[in-house]
Amino acid sequence: MSDQNQLITYAFVALIVGAAVGYLAAGPITYNQKIQDLQNQLAEGGETELTGSLSIAGSTTVLPIAQECANLFMEQHLKVDVSVAGGGSGAGVKSAGSGEVDIGEASRNIKASELLSYPDLVAFSVAKDSVAIIVNPENSLSGRLDLTLEQVSEIFSGEITNWNEIGGPDHEIEVYTREEGSGTREVFVDYAMDGKEFAANAGVKPSNGEMRAAVASNQYALAYVSFGYIDDTVSAASINGVEAVVEKVNNGQYPITRILWMFTKGMPYPLEAAFIEYVQSPEGQAVVEDLGYIPIY
Amino acid sequence: MNEIQREKLVKGLLYAAVGLSIVILPIIVVWVTANGLGAINLEFLTGRPYRFEYGGIYPQIIGSVYLVSLCTLLGGPLGIASAIYLAEYAPDNVVTRTVRFFTETLAGMPSIVIGLFGLQFLVYFLKLKTSLLAGAVSLSFMMLPWTIRASEEAIKVVPQEYREASLAMGATKWQTILRVVLPAAVPGIVTGVLLGMGKAMGETAVVWLTAGSGLEAFVPRTLRSPTGSLPMYIYLLATQGHTAEGMQNAFGASLVLLVMFLAMSVSALLIRNHYLRRLG
Amino acid sequence: MRTGDVVSKILFLCASLSAVIVFLITAFLLREGIKVLTPGFLLGLTWSPHRGLFGIFPTIVGTLCVVAGAVVIATAIGIPSAIFLSEFSPFWVRNIIKSSVEVIVGIPSVVIGFFGLTVLVPFIRNQVGGRGESILAGWIVLAFMILPNLITIAEDSLRAVPRSYREASLALGATKWQTVRNVVLPSASSGIRAALVLGVGRAMGETMAVLMVVGNPETPWIPTGVLDRVRMLTSTIAIEFSYAEWGSTHQHALFAIGVVLFFMVTVLNFIATFVIRRKNIQ
Chain A
715 MSDQNQLITY
725 AFVALIVGAA
735 VGYLAAGPIT
745 YNQKIQDLQN
755 QLAEGGETEL
765 TGSLSIAGST
775 TVLPIAQECA
785 NLFMEQHLKV
795 DVSVAGGGSG
805 AGVKSAGSGE
815 VDIGEASRNI
825 KASELLSYPD
835 LVAFSVAKDS
845 VAIIVNPENS
855 LSGRLDLTLE
865 QVSEIFSGEI
875 TNWNEIGGPD
885 HEIEVYTREE
895 GSGTREVFVD
905 YAMDGKEFAA
915 NAGVKPSNGE
925 MRAAVASNQY
935 ALAYVSFGYI
945 DDTVSAASIN
955 GVEAVVEKVN
965 NGQYPITRIL
975 WMFTKGMPYP
985 LEAAFIEYVQ
995 SPEGQAVVED
1005 LGYIPIY
Chain B
-8 MNEIQREKLV
2 KGLLYAAVGL
12 SIVILPIIVV
22 WVTANGLGAI
32 NLEFLTGRPY
42 RFEYGGIYPQ
52 IIGSVYLVSL
62 CTLLGGPLGI
72 ASAIYLAEYA
82 PDNVVTRTVR
92 FFTETLAGMP
102 SIVIGLFGLQ
112 FLVYFLKLKT
122 SLLAGAVSLS
132 FMMLPWTIRA
142 SEEAIKVVPQ
152 EYREASLAMG
162 ATKWQTILRV
172 VLPAAVPGIV
182 TGVLLGMGKA
192 MGETAVVWLT
202 AGSGLEAFVP
212 RTLRSPTGSL
222 PMYIYLLATQ
232 GHTAEGMQNA
242 FGASLVLLVM
252 FLAMSVSALL
262 IRNHYLRRLG
Chain C
1112 MRTGDVVSKI
1122 LFLCASLSAV
1132 IVFLITAFLL
1142 REGIKVLTPG
1152 FLLGLTWSPH
1162 RGLFGIFPTI
1172 VGTLCVVAGA
1182 VVIATAIGIP
1192 SAIFLSEFSP
1202 FWVRNIIKSS
1212 VEVIVGIPSV
1222 VIGFFGLTVL
1232 VPFIRNQVGG
1242 RGESILAGWI
1252 VLAFMILPNL
1262 ITIAEDSLRA
1272 VPRSYREASL
1282 ALGATKWQTV
1292 RNVVLPSASS
1302 GIRAALVLGV
1312 GRAMGETMAV
1322 LMVVGNPETP
1332 WIPTGVLDRV
1342 RMLTSTIAIE
1352 FSYAEWGSTH
1362 QHALFAIGVV
1372 LFFMVTVLNF
1382 IATFVIRRKN
1392 IQ
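Heads up: the protein sequence lines correspond to chains A, B and C, in order.
For the first sequence, the working numbering assigns the number 715 to the initial residue and increments by one for each residue that follows.
For the second sequence, the working numbering assigns the number -8 to the initial residue and increments by one for each residue that follows.
For the third sequence, the working numbering assigns the number 1112 to the initial residue and increments by one for each residue that follows.
Since the hints were derived computationally from the structure, they do not count as laboratory data.
Be aware that one or more of the hints could be misleading.
Stated by the list, open to error - Estimated spans, in silico, between C-beta atoms of each pair:
hint	chain 1	residue 1	chain 2	residue 2	range
1	B	Tyr266	C	Lys1120	46 to 56 Å
2	C	Val1230	A	Asn964	41 to 51 Å
3	C	Arg1162	A	Glu864	39 to 49 Å
4	B	Ala156	C	Arg1270	34 to 44 Å
5	C	Val1230	B	Tyr266	35 to 45 Å
6	A	Gly732	C	His1161	23 to 33 Å
7	B	Tyr266	C	Thr1286	15 to 25 Å
8	B	Val177	C	Thr1286	13 to 23 Å
9	A	Glu886	B	Val21	30 to 40 Å
10	B	Val21	C	Asn1206	17 to 27 Å
11	C	Val1230	A	Ser839	55 to 65 Å
Claimed, not checked - Derived list of chain B stretches under chain C, where covered just means 3 residues or more per stretch with a C-beta under 8 Å from a C-beta of chain C:
hint	stretch
12	148 to 160
13	208 to 219
14	225 to 235
Unchecked claim - Which residues of chain A face chain C? A few of them, derived with a C-beta cut under 7 Å, are:
hint	residue
15	Gly802
16	Asp884
17	His885
18	Gly895
19	Glu991
Think of the CB as a built atom: it goes at the ideal place given N, C-alpha and C, for glycine as much as any other residue.
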């Protein structure tokens, strides 16, 4: 390669590398700048500020609430990083109880067996919620699907297998369920399964999001999700003639209801307490309501 | 059918087979680009994830970069050192064969098993918690055998005459390795390390269990902080995304991941080709 | 000279690091999983943790079904490709293709899984039947993943056959294809077999790509058709580990699955290395 070409190649490579380094460095630099600004602000105001990182994991039902509150919380406390993961209620109890994460989330009450393993869990209620059965909007029954609790248990246990047995098209009901560690599943089993086991061929989707995605993309699918996950890509069924809406849960007509929890291992540290307080505060509860759940007061 | 016809038929089948083999890469690249290009804009590349399916992927990009860089820092030099030993010093005895066997075993270890081990040993037992550090160390467990293999190859290829000439001039074995063999093997080693980095970039199972949720809206500030990563982000959005924007973000992140992966892999190969031509 | 001794000791320590890691992994896995590794576990027909049932036989069968099909497909495409690269292609073509294959080896599995989930699964659901998530989808996706490895190793074995063999055959009047079929392939056969075995090992360990397309039913059964959904050993661990309580039988069972996986892959690796060894001695 001639000297001139070599020079051009080196210049080109240097340009690309420089741009990449610039991009990668830009984030932390502007981030630190924001922190510097805030520190200056606070120095004038005289408040002590929160620092550190919080890891939260557990129920995918509580996940959207935690994520949204985390974003808002981080905007107000620039030196705090909050990481929110899913995994299901069981994972939330396990990872909080064993110290892997700081705050666990669950969409069901903590079980006695779990308290035996992790006796120092401290729980805080952050919202109310329910579970709805969802179907694809393209399904001919969508918008008018009404099931009795008995039918629900029969369908999800595999006793009823075809849509035409409940007034729909002639096709297999493609049933989905959550993973065993799911709080949503526990609640659904307690209220709607009448002691029966799920059908062996039910597809396991390990999060509310995947349950919804399965229904949103499949005309013949049937699944259950938290109220917070109902949107216009799916259609919720009524149970015993009662619509799956917040008012009917509040007045007791809709047969499924539950409390959403956040918990810590032992009494919460200041940062953890601050975050949980935020979720329970009017600001946090406004988020709860906005996302489709039910505020605790 | 006579022999000549049969030969032609066979050749045709072979061409078809090769065509099928290499058509994977362009198909995936085109598919990801076509669907993901629309997501790529400044906001996407510098913003943070918001309400799961919206927002940008800056923390994920940085997280992946940090994870891979740290894992290379840990697995690279150790792997090269191991390779030097295996290629230059190891006598042909049971101990060496055992070491080699274990290296091969580690190379073939399923990524989920490594993730499981990382979770149990690093996150839980050593109390590192889900963090950048735990993720990077676990990734380096995968990186180590790749680096060893590639470096050993590169060292073996260095002509024996180089070593003999150096020893003949009075240099010690270690001096020979340091001043003659290694410099000659550097391109091969660099190629191997870059290819390993490309693979580490796309590792999901390990990162899933050790590094963070994937949807972090912040850039990790310390080693103990959880970190997002591109593969986790893609996995979460691909399986749970249900809006057009969410899916497009998944494609956009895939495109970014592919670009970074291809950049590393292709430059690895270009380096090797360039130096192969030099050696003649 | 003294520096040399010290140096070689240090380097030896580095090299034994992989051994240490593998040893640690084995130790941890075994310690947690050994209690559950009974014949009832391996041959049990029902996996239902909340009922205390931990039988992984259907999962093992499901895994083997997906792996077998994928290896067949990858072999059907990969061995001819390797033959082409080694015997029938001009130098520059081989260079480009080999380099591309080396790149493809590292493609992020999550992107392949994404492709499978978004393109393959709906295609199978609409054109073939079932829910789309199926053994069939697993075959295609897994074949993608192991194909490049297979080609690389097979091609290396073919190229290792001495030139003189080919030249002798051609000198006797054989065509190129006859030479390949009757001379080159048999000589490279142990290397090719090693490639296949290693491919099986790689396929067994693949997690992400198959997880997204293979279905994960509530209680896996022994598959009877290509459209059946199955659980894989790897995906069971991936999905269930996050919530299995520390110290519970469920968690021990998951570690036991890890042990089974680890054991099967290591045995396959050993066979492959042993098979290659034989060729070298020959």
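For each hint, the structure was consulted:
Between Tyr266 (chain B) and Lys1120 (chain C) the beta carbons are some 32 Å apart, a value that contradicts the proposed interval 46 to 56 Å. Val1230 (chain C) and Asn964 (chain A) have their C-beta atoms about 43 Å apart, which keeps the hinted 41 to 51 Å range intact. Restraint check, Arg1162 (chain C) to Glu864 (chain A): a C-beta distance of roughly 23 Å breaks the suggested window 39 to 49 Å. Ala156 (chain B) and Arg1270 (chain C) have their C-beta atoms about 29 Å apart, which leaves the hinted 34 to 44 Å range violated.
Restraint check, Val1230 (chain C) to Tyr266 (chain B): a C-beta distance of roughly 39 Å satisfies the suggested window 35 to 45 Å. The given range of 23 to 33 Å is broken by Gly732 (chain A) and His1161 (chain C), whose C-beta atoms sit roughly 56 Å from each other. Taken as a hint, the range 15 to 25 Å is violated for the pair Tyr266 (chain B) and Thr1286 (chain C), whose Cβ atoms sit roughly 38 Å apart. Distance hint check: the CB atoms of Val177 (chain B) and Thr1286 (chain C) are about 44 Å apart, inconsistent with the given range 13 to 23 Å.
Taken as a hint, the range 30 to 40 Å holds for the pair Glu886 (chain A) and Val21 (chain B), whose Cβ atoms sit roughly 35 Å apart. Restraint check, Val21 (chain B) to Asn1206 (chain C): a C-beta distance of roughly 23 Å satisfies the suggested window 17 to 27 Å. Look at Val1230 (chain C) against Ser839 (chain A): about 43 Å separates their beta carbons, and that is not inside 55 to 65 Å. Counting residues of the stretch 148 to 160 of chain B whose beta carbon lies closer than 8 Å to any beta carbon of chain C gives 0, which falls short of the minimum of three for the stated coverage.
Coverage of the stretch 208 to 219 of chain B by chain C is violated [criterion: at least 3 residues with CB-CB distance below 8 Å; count 0]. Counting residues of the stretch 225 to 235 of chain B whose beta-carbon sits less than 8 Å from any beta-carbon of chain C gives 4, enough to reach three: the coverage restraint holds. Among the interface hints, the one on Gly802 (chain A) holds; its C-beta lies about 5 Å from the nearest C-beta in chain C, closer than the 7 Å criterion. At about 15 Å, the closest approach between the beta carbon of Asp884 (chain A) and any beta carbon in chain C exceeds 7 Å, and the interface hint on this residue is violated.
A least Cβ separation of about 11 Å between His885 (chain A) and chain C goes past the 7 Å threshold, and the interface hint is therefore violated. Annotation: interface hint on Gly895 (chain A) holds; nearest CB of chain C at approximately 3 Å, less than 7 Å. Violation of the interface hint for Glu991 (chain A) is found here, the shortest Cβ-Cβ separation to chain C being roughly 27 Å, above the 7 Å cut-off.
In this structure, the earlier hints numbered 1, 3, 4, 6, 7, 8, 11, 12, 13, 16, 17 and 19 are contradicted, and the remaining ones agree with it.
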